[in-house]
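Going down the list, the protein sequences come from chains Y and W.
Counting in our numbering, the first sequence runs from 1 upward without gaps.
Counting in our numbering, the second sequence runs from 1001 upward without gaps.
Keep in mind that the hints were calculated from the coordinates and are not lab data.
What you are looking at is a predicted structure, and each value in this text was computed from that prediction instead of being measured.
All C-beta atoms, glycine included, are put in the ideal place defined by N, C-alpha and C.
It cannot be assumed that every hint is accurate.
Taking lysine to aspartate or glutamate and the EDC-like style, the derived pairs with C-alpha atoms no more than 20 angstroms apart in a straight line are [claimed, not checked]:
hint : chain 1 : residue 1 : chain 2 : residue 2
1    : W       : Lys1035   : W       : Asp1308
2    : Y       : Lys25     : W       : Asp1105
3    : Y       : Lys25     : W       : Asp1104
Which bits of chain Y does chain W cover? Going by a derived footprint, with three or more residues having C-beta under 8 angstroms, they are [stated by the list, open to error]:
hint : region
4    : 88-99
5    : 106-113
6    : 121-130
Short derived list, chain W residues pointing at chain Y, Cβ under 7 angstroms [said to hold, decoys possible]:
hint : residue
7    : Val1190
8    : Pro1354
9    : Ser1357
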Amino acid sequence: MYSKVLLLRFPREIVNEAIVVNLVKRFDLTFNILKATIYPRKEGLMVMELTGNRKNYKSGVRYLKDLGVKVESISQDIKRNEEACFHCGACTAVCPTGALYIERPEMTVAFDKERCSACELCVIACPAKAMEVNFDRGLLE
Amino acid sequence: MAKHKVKKTIDEINRKIKEGKVVVVTAEEMVGIVKENGPEKAAKEIDVVTTGTFSPMCSSGAFINFGHSKPPIKASQVTLNDVPAYAGLAAVDIYIGATEPTIDDPLNKVHPGQFKYGGGHVIHDLVSGKKVRLIGKAYTTDCYPKREIKKQIRLADLPYAVLVNPRNAYQNYNCAINLKDKTIYTYMGVLRPMADNANYATAGQLSPLFNDPCCLTIGLGTRIFLGGAQGYIIWAGTQHNLSVARRKNGVPVEPGATLMVMGDLKEMNPRWLVGVSILGYGCSLAVGIGVPIPILNEDMARYTGVSDEDIFTQIIDYGKGYPKGNAESLGEVSYAELKSGTIKLNGQIIQTVPLSSYVRAQEIAGILKEWIQTGHFYLGHPQHLLKDI
Ligand code: SF4
Ligand code: SF4
Chain Y
1 MYSKVLLLRF PREIVNEAIV VNLVKRFDLT FNILKATIYP RKEGLMVMEL TGNRKNYKSG
61 VRYLKDLGVK VESISQDIKR NEEACFHCGA CTAVCPTGAL YIERPEMTVA FDKERCSACE
121 LCVIACPAKA MEVNFDRGLL E
Chain W
1001 MAKHKVKKTI DEINRKIKEG KVVVVTAEEM VGIVKENGPE KAAKEIDVVT TGTFSPMCSS
1061 GAFINFGHSK PPIKASQVTL NDVPAYAGLA AVDIYIGATE PTIDDPLNKV HPGQFKYGGG
1121 HVIHDLVSGK KVRLIGKAYT TDCYPKREIK KQIRLADLPY AVLVNPRNAY QNYNCAINLK
1181 DKTIYTYMGV LRPMADNANY ATAGQLSPLF NDPCCLTIGL GTRIFLGGAQ GYIIWAGTQH
1241 NLSVARRKNG VPVEPGATLM VMGDLKEMNP RWLVGVSILG YGCSLAVGIG VPIPILNEDM
1301 ARYTGVSDED IFTQIIDYGK GYPKGNAESL GEVSYAELKS GTIKLNGQII QTVPLSSYVR
1361 AQEIAGILKE WIQTGHFYLG HPQHLLKDI
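Just chain Y, with the same shape it has in the complex (with noise of 0.2 angstroms):
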């Protein structure tokens, strides 16, 4: 499973929806839109987390760029929901770098920002779904 925030700039001759539903027929990738926009010059702008397995997200990808859309990726870094996170651990289990880990012999689950490289495993692993995935909100603006 593969998941990234894209803001993609479709050109003028193609601001054209079905672009976007052939990623769902042709990829087998899911889309959610976060933001569309049509400028009055007719060029399009859209930022959307598009989700699949990793090798169908690059085709999809590949596919946008042949058309001719610009396809940039959005920084982002996780975060944990301290309200939602209840100590299990679980995530230990997936997190390569070592920035979740248990805290002995209190057990707590510590997570360091600084560790960790944003390889999301641990978002779609933790039960309570406490890790999340934030970019710049501001280009929903």
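Given the coordinates of chain Y, work out where chain W with the ligands should sit on it, guided by the hints.
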């Protein structure tokens, strides 16, 4: 049964609670007390030992009556936030099970599936006071002419909502590893290939059924901490099994006893009933449970004095063995070793990963202790002990 030097009854302990004289400690504190003073002296001094556990517990759910409409309906298919509930009860009675996913969940079609929302989340949302969308369909009868019902429900407005969990608080559970060469996604969490991590559940020495390993004091009617409120043990849970291998201290070294529990959902708290999504496996509900163990005699003091060093479980391969129905033990480890961060198996050092929250288990044992000390919680009288089931 050997004669006991210390003998107490539940009535006597309840009288002490009323008089504010009861002595309560947590199962963690009891370890040191029994080590220092021996079980007899500990039994004289301590009246109740509180335990706790907080973990995903799949066999959980709630009975809900959503109230009659005008004209009335005999709902036969019901969903709550698109999660199907069992409606084969009476006209407006349903049971929402924790592991039921939403109707259009992609499940494991793109493996590992994320199971973002299910019955456990519905229960969590209800307890959080959120509105939940109910859709019910029915065939019509002369007395129930309505075909369909759509409404928003809120826990506070429901005529009846009771949490009834057929199997919770497993006494001991396997330590899971994966001997395959690729990562697997199980109810025991993510298991990296070639035994790269070992996952375990249960809170060890704090866990309710490790403190009364033979179920001598608990049964139908034992009052407990459940989901933040006072609930009850109502029977043995499904798969309850007392005929398992044990150490000399009475503690099983494999999955043994289980609890069936119930309590009024309306009194519960979202901190102690949390909907969870287990990657590649499904939805569930993390449930907080605490059982007070009455120290009726020195045997119960000895049992509740058990520590992580004295509790053992089996290492099981979930990669090749378990899916074939072959859960052969690859070795035995203590909870003290599991909690240390690594275990050793055939010379290989393996990282351990807990799935059950020890911090929350401690918190529950602490809350229950305070409830009893301050006279807000009295011990229930078990009518039928679990040892006899
Ligand atoms: S898996 Fe989630 S809830 Fe559990 S410790 Fe990690 S972040 Fe917290
Ligand atoms: S994003 Fe990756 S590196 Fe960062 S905490 Fe999660 S699992 Fe660890």
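Hint check results:
For the hint pairing lysine 1035 (chain W) with aspartate 1308 (chain W), the CA-to-CA distance comes to about 13 angstroms; that is within 20 angstroms, so the pair holds. Restraint check: the Cα-Cα separation between lysine 25 (chain Y) and aspartate 1105 (chain W) comes to about 18 angstroms, which is no more than 20 angstroms; the hinted pair holds. Restraint check for lysine 25 (chain Y) and aspartate 1104 (chain W): the C-alpha separation of about 18 angstroms stays at or below 20 angstroms, so the hint holds. Counting residues of the region 88-99 of chain Y whose C-beta lies closer than 8 angstroms to any C-beta of chain W gives 6; at least three are required, and the coverage claim holds.
Counting residues of the region 106-113 of chain Y whose beta-carbon sits less than 8 angstroms from any beta-carbon of chain W gives 3, enough to reach three: the coverage restraint holds. Counting residues of the region 121-130 of chain Y whose CB lies closer than 8 angstroms to any CB of chain W gives 5, so the stated coverage by that chain holds, three being the minimum. Because the closest C-beta pair between valine 1190 (chain W) and chain Y is about 5 angstroms apart, less than 7 angstroms, the hint holds. Residue-level restraint check for proline 1354 (chain W) holds (minimum Cβ-Cβ distance to chain Y is 4 angstroms; threshold 7 angstroms).
Interface restraint check: serine 1357 (chain W) against chain Y, minimum CB-CB distance 5 angstroms, threshold 7 angstroms, status holds.
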